[in-house]
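Trainee: Residue-level listing of the chains:
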Amino acid sequence: MIYFVILAIAGLLQGMMVSFNGQLSTYYSLFTVCFFVHFIAAVLLLIYVKAQGKDDFDFRGAPKYVYIVGIMGLIIVTTSSWCTVAVGATAMLSLSVVGQLISSAIIDHNGWFGLKQKKFQLKQLPSYMLVIAGVLLVVCF
Amino acid sequence: MIYYIVAVCSGMLSSMSNMVNTKAGECFGATKGSLINYWGASVASLILIFATGNGSDFTLSYMKTVPPLFYLGSVCGLVALVLLVIGTQKKGSSASTILLLFGQLLATIILDYLFFGKFHIARLLGIFLILVGVSWKEKIMNGIKQEEEKELA
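Protein sequences, first through last, are from chains B and A. Just so you know, we're using this note's numbering here: the first sequence kicks off at 1 and counts up by one. Just so you know, we're using this note's numbering here: the second sequence kicks off at 1001 and counts up by one.
Fair warning: there could be bad hints in the mix.
[Stated by the list, open to error] Derived pair list, reagent style DSSO-like, types lysine-lysine, alpha-carbon separation capped at 27 Å:
| hint | chain 1 | residue 1 | chain 2 | residue 2 |
| --- | --- | --- | --- | --- |
| 1 | A | K1091 | B | K119 |
| 2 | B | K50 | A | K1150 |
| 3 | A | K1145 | A | K1023 |
| 4 | A | K1139 | A | K1064 |
| 5 | A | K1118 | B | K118 |
| 6 | B | K54 | B | K64 |
| 7 | B | K116 | A | K1118 |
| 8 | B | K123 | A | K1032 |
| 9 | A | K1150 | B | K119 |
| 10 | A | K1145 | B | K116 |
| 11 | A | K1139 | B | K118 |
| 12 | A | K1032 | B | K119 |
| 13 | B | K50 | A | K1139 |
| 14 | A | K1118 | A | K1032 |
| 15 | A | K1090 | B | K118 |
| 16 | A | K1090 | A | K1145 |
It should be emphasised that the hints constitute simulated quantities derived from the structure, not laboratory data.
Excised from the complex, chain B in its bound form (with noise of 0.2 Å):
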């Protein structure tokens, strides 16, 4: 039961994170809501891998592709947060969820990543449906 607690506990956490990257846009430029989500981080993470007596920071080695995941980071961040002052954290989320779902399935059915290939099969419609419809009454109410 605790970790079911621990899960939704993260979870809450991370609504918490978009809505409050959502209302730091109304004082910022979107990019420098970038830099203070991502470089508060990272100052933190810097300081617990210091403390775990770890400074190795040798980053070679890696696929190409790797290295662009702070690119990455930075448009979802930006995009969001421009999204959640418009609509809403609640709505933001919810077509995240679509795309999400949408992409996870693109990725799968070809396999991208070197994961196993899982073509994408019709039963699985109507649970995307039910999404979808989930996400029209966020959005429109």
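Please arrange chain A on chain B, whose structure you already have, making use of the hints.
Mentor: Just chain A now, kept in the frame of chain B:
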């Protein structure tokens, strides 16, 4: 309309980013993998701030006018990440996906009410449908996985 399309695209990119983050974690370990993400985004956004002429955002007197609570988004994200790792190890990815989504939507519906005064009972029904839909999808995917494992055995 543009906001809705961008929000869906942001979600699509989010899934891909998760996959790349996972790959970074495999190559460098979870902490160092996250460091690449955070430092990369910090440097890229810093360049864009000055390239777009928004350097004045960093004036201390202006920064003090912003409620401190709003700076805590990234701290919330980091704590969530730690809790997510702990919870997923014990309960698996399906349960973590659904519970995480439940928590996210619950937090946003409360904060949307506090910040924007937005609330409607239909939104709760919408969230319920999203959660049922995602749970159903996870159940189908687990069923497909079990069928494949049976075929292999």
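Trainee: Take the hints in turn and mark each one as holding or not.
Mentor: Verification of the hints:
1. A:K1091 x B:K119: holds, 26 Å
2. B:K50 x A:K1150: violated, 46 Å
3. A:K1145 x A:K1023: Since the Cα atoms of K1145 (chain A) and K1023 (chain A) sit roughly 22 Å apart, the hinted pair holds (cutoff 27 Å).
4. A:K1139 x A:K1064: violated, 48 Å
5. A:K1118 x B:K118: violated, 40 Å
6. B:K54 x B:K64: Holds: K54 (chain B) and K64 (chain B) sit about 24 Å apart, inside 27 Å.
7. B:K116 x A:K1118: Not OK: K116 (chain B) and K1118 (chain A) at ~42 Å, beyond 27 Å, violated.
8. B:K123 x A:K1032: It is violated: about 39 Å lies between the C-alpha atoms, which goes past 27 Å.
9. A:K1150 x B:K119: holds, 17 Å
10. A:K1145 x B:K116: holds, 11 Å
11. A:K1139 x B:K118: holds, 15 Å
12. A:K1032 x B:K119: Violated: K1032 (chain A) and K119 (chain B) sit about 33 Å apart, past 27 Å.
13. B:K50 x A:K1139: Status violated; Cα separation ~41 Å.
14. A:K1118 x A:K1032: Not OK: K1118 (chain A) and K1032 (chain A) at ~40 Å, beyond 27 Å, violated.
15. A:K1090 x B:K118: This hinted pair holds, its Cα atoms lying about 25 Å apart.
16. A:K1090 x A:K1145: holds, 20 Å
Of the numbered hints stated above, those contradicted by the structure are hints 2, 4, 5, 7, 8, 12, 13 and 14, listed in ascending order.
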